[in-house]
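Taken in order, these protein sequences are the chains called A and B.
Numbering of the first sequence is given in the numbering used here, commencing with residue 1 and proceeding in unit increments.
Numbering of the second sequence is given in the numbering used here, commencing with residue 1 and proceeding in unit increments.
Everything labelled a hint here was simulated from the structure, so no lab data went into it.
For glycine and all other residues, C-beta sits at the position ideal for the given N, C-alpha and C.
Take these hints with a grain of salt, some might be off.
To be verified - Just some of the chain A residues that point at chain B, by a computed CB distance under 7 Å:
1. A59
2. M64
3. V67
4. V71
5. M72
6. E85
7. A88
8. G96
9. G99
10. F104
11. G111
12. W168
13. A170
14. A404
15. S406
16. Y424
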Amino acid sequence: MDPLLLSRAQFAFLIAFHFFLPAFTIGLASYIAVLEGLYLWTRRAACLRISAFWIRIFAVSFGMGVVSGIVMPFQFGTNWSRYSEQTAAIVGPLMGYEGLTAFFLEAAFLGVLLFGRKLVPPWAHFASAVIVALGTLFSAFWILAANSWMQTPAGFEFVDGRFVPTDWLAVIFSPSFPYRFTHTVVAVYLTTAFTVIGVAAWYLRHGRHVEESRIMIAMGFLLASVLVPAQAVIGDFHGVNTLHHQPAKLAAIEGIWESGHGQPAILLALPDETLEKNHAEIGIPKLASLYLTHDWNGYVKGLKDFPREERPPVAITFFAFRIMIAMWLVMLGLTVWAWLLHARRRLFTSGAFLRAATYSIPVGYIAVTAGWFTTEVGRQPWVVYGHLRTADAITPFLTGTDVAISLFFYVVVYAAIFGAGFYYLLRLVQRGMPEELPEPGPERRPARPLSAATR
Amino acid sequence: MILDLVPIWTAILAVSVFMYVLLDGFDLGVGILFPFAPDDKARDTMMASVAPVWDGNETWLVMGGVGMLTAFPVAFAIIFPALYFPVLAMLLGLIFRGVAFEFRPTAVTSRAKWDRAFCWGSLVATYAQGCILGKFVLGFETTGRQYAGSTWDWLHPFVLAVGVGLVFGYVLLGATWLVMKTEGSLQQWARAKARLALIGVLAFIVMVSVWTPLLHERIAERWFSWPNIAWFSPVPVVTTLLALWAWRSLARGSDAAPFFAAMGLFLVSYLGLAISLFPYIVPHSITLWEAATAPEGQAFLLIGTLFLIPVIFMYLGWSYWVFRGKVRADAGYH
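The following block holds chain A by itself, in its conformation from the complex:
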């Protein structure tokens, strides 16, 4: 057994499962902070009930995210020791800042958010919610800075076979970082929005928590109405950036083999890596050149102009990208449908729509996973694009059997843990919202009678 292939499979497996959780909790943390803020501002009980409900779900998801996240840095050590040794001076500090600015922040204030409502004043509880949300965003910032640097490395020199940073701003804000960060944060916000919408739609279909569910659906679609169109624009910028910095990845995404002017947008095809062509290709002439170069006859390089050993696996990159786009289309369709129903005042009562919204809960998760596969598989055969090959990054003395054993245990344990976790999340949704309002914290008694009235 090949330790390289197995190690790659193990890393892909672990990060794909881990990513499901931040894809949900980053957005959910912000949503909880907004709800807690709305409650403090309006004193509307429904906001507090919605928040208390999602906090329970957040706790389970966040716990799973923490335990599956701790596995990741240790993967660098156990399976990718040569990568670690060579990139340590750059990747180490970026991950270090993730710990210092995000993990401790989240951990300390999460305890207060989950268990402290009775122990601290309401403003401190709200502040804890905001800080936890900020922590999740800081975490995304640093980990995407590290990932973007691996995609479009900058601000370093290569000394004695090691990457040595020369300009930290260039390292952190590497060419793909601004696009990747915005694209990812918008994607995870959308994932959360459609999860919240789907759960609320399920409640409405069963006639439960009507007031709360309407609020959730309205908030979800308001966010989606802004972010779904915005994501198309951001995605386009990200694609143009990829064309400049990772042309081979872009050619694989588009399924373009021949270099040339006026490239078609290929909607569907079966890329064939041995024959270097597509089968059953359906495309729109010149469209790819238009959206990539903003010119009908713009020049785009094809895969054949890259040596075979510098091409990414074409089929995975090509299909993963199309799956992501398909999921975006579903989100767009639902959002447009929601506005049409809203105009006829049937948004909360249309059975077909509510059912479709519930079935669409997975679209965000599928989209972020497919997008992740597009960008990571598209980076191959490099781990640090253009500088360090994945094949040269693995721990040298690891045997295939070693990795097979660890991969087996990870798969078994993750199947059990994620299976159980998913089941408990469903149960929490089924159980529904708390009947009684959570008690507020120990507010300081007003010193003078008037101060209670003016607050």
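Starting from the known structure of chain A, arrange chain B on it as the hints suggest.
Frame of chain A; chain B shown alone:
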């Protein structure tokens, strides 16, 4: 001249690892004691005593790992692959332990299953950490800057014995934590368990102190040559005093003193290890300085670390303050 950052990084790494051992030590100890608790209500209380803080405590593990990657990448690239299976076992144990906190309150019929996951996860993670410690003391075979052994070299009687020692150590921390955080019959029970664990810990401290110099002549020389023996003689004396303090404070029925005495025992043992192993980061072949990375990487993270660590201590302290005092079984979600 470039400032030598290695001593500062050594201190940061040492503090991170020690914070992890102390803090997650008591969480894991509570986990190991879990199935022996007198009743289910006691188990609820035990879990509630660590639920708000375990996540922050586990974060020190990430900081230790990432700190080593940043400052001593050569060591990171040797130690973690060499400990492939203990690290795997530790991570899987921590997964079961961590999710049990969240799954157990939600579960109805399978509550007992998550009780077991909590206990076994804690036990496996602790034993694996003990093996990692044992292998670290035993040393790694290297040629140049590469590991020259296999992924199974950690299988050694000394390593396996240190694993058991750490289980006693974490149980002592966990039991004394419970003495501090609980009252009534549960506190009585925790006192009894703490006393048993203390005996185990002392036995293992003696065993490791005798076995380590026998393993490596260099370590024997470090401790027993003149004038070192005079400098280091307070270590066993302080250890004895701390053990006596722990024992008597448990007998006297103090609340907090046993926990502090247990932490003191961990501190002197940790210092003892440092004395034995310094200046090696990959015992017994690669020194801290040989394993250090380019100063550019170290300096960037160092600036942030020096500013942020005090802030982190402040708000972590605040979150402990919020949950101060005795816990009650119903102190869960609300």
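Checked hints:
Against a cut-off of 7 Å between C-beta atoms, the interface hint on A/A59 holds, since the closest Cβ of chain B lies about 6 Å away. Hint on A/M64 holds. Least Cβ distance to chain B is approximately 6 Å, under the 7 Å limit. Given the 7 Å rule on beta carbons, the hint for A/V67 holds: about 4 Å separates it from the nearest Cβ of chain B. Given the 7 Å rule on beta carbons, the hint for A/V71 holds: about 5 Å separates it from the nearest Cβ of chain B.
The interface hint given for A/M72 is broken, as the beta carbon of that residue sits about 9 Å from the closest beta carbon of chain B, more than 7 Å. Satisfaction of the interface hint for A/E85 is found here, the shortest Cβ-Cβ separation to chain B being roughly 4 Å, below the 7 Å cut-off. About 3 Å separates the beta-carbon of A/A88 from the nearest beta-carbon of chain B, less than 7 Å, and the hint is met. Below 7 Å, beta-carbon pairs count as interface contacts, and A/G96 has one with chain B at about 5 Å; its hint therefore holds.
Because the beta carbon of A/G99 sits about 5 Å from the nearest beta carbon in chain B, less than 7 Å, this interface hint is met. Because the smallest distance between the Cβ of A/F104 and any Cβ of chain B comes to about 5 Å, under 7 Å, the interface hint for this residue holds. Checking A/G111 against chain B: minimum C-beta separation of about 3 Å stays under 7 Å; hint holds. For A/W168, the shortest C-beta to C-beta distance to chain B is roughly 5 Å, which falls under 7 Å, so the interface hint holds.
A least Cβ separation of about 12 Å between A/A170 and chain B goes past the 7 Å threshold, and the interface hint is therefore violated. Evaluation of the A/A404 hint against chain B yields a violated restraint, the C-beta minimum of about 12 Å exceeding 7 Å. A hinted interface residue such as A/S406 counts as satisfied when its beta carbon comes closer than 7 Å to some beta carbon of chain B; here the least separation is about 5 Å, so the hint holds. Hint status for A/Y424: holds, given a least beta-carbon distance of 4 Å to chain B, under 7 Å.
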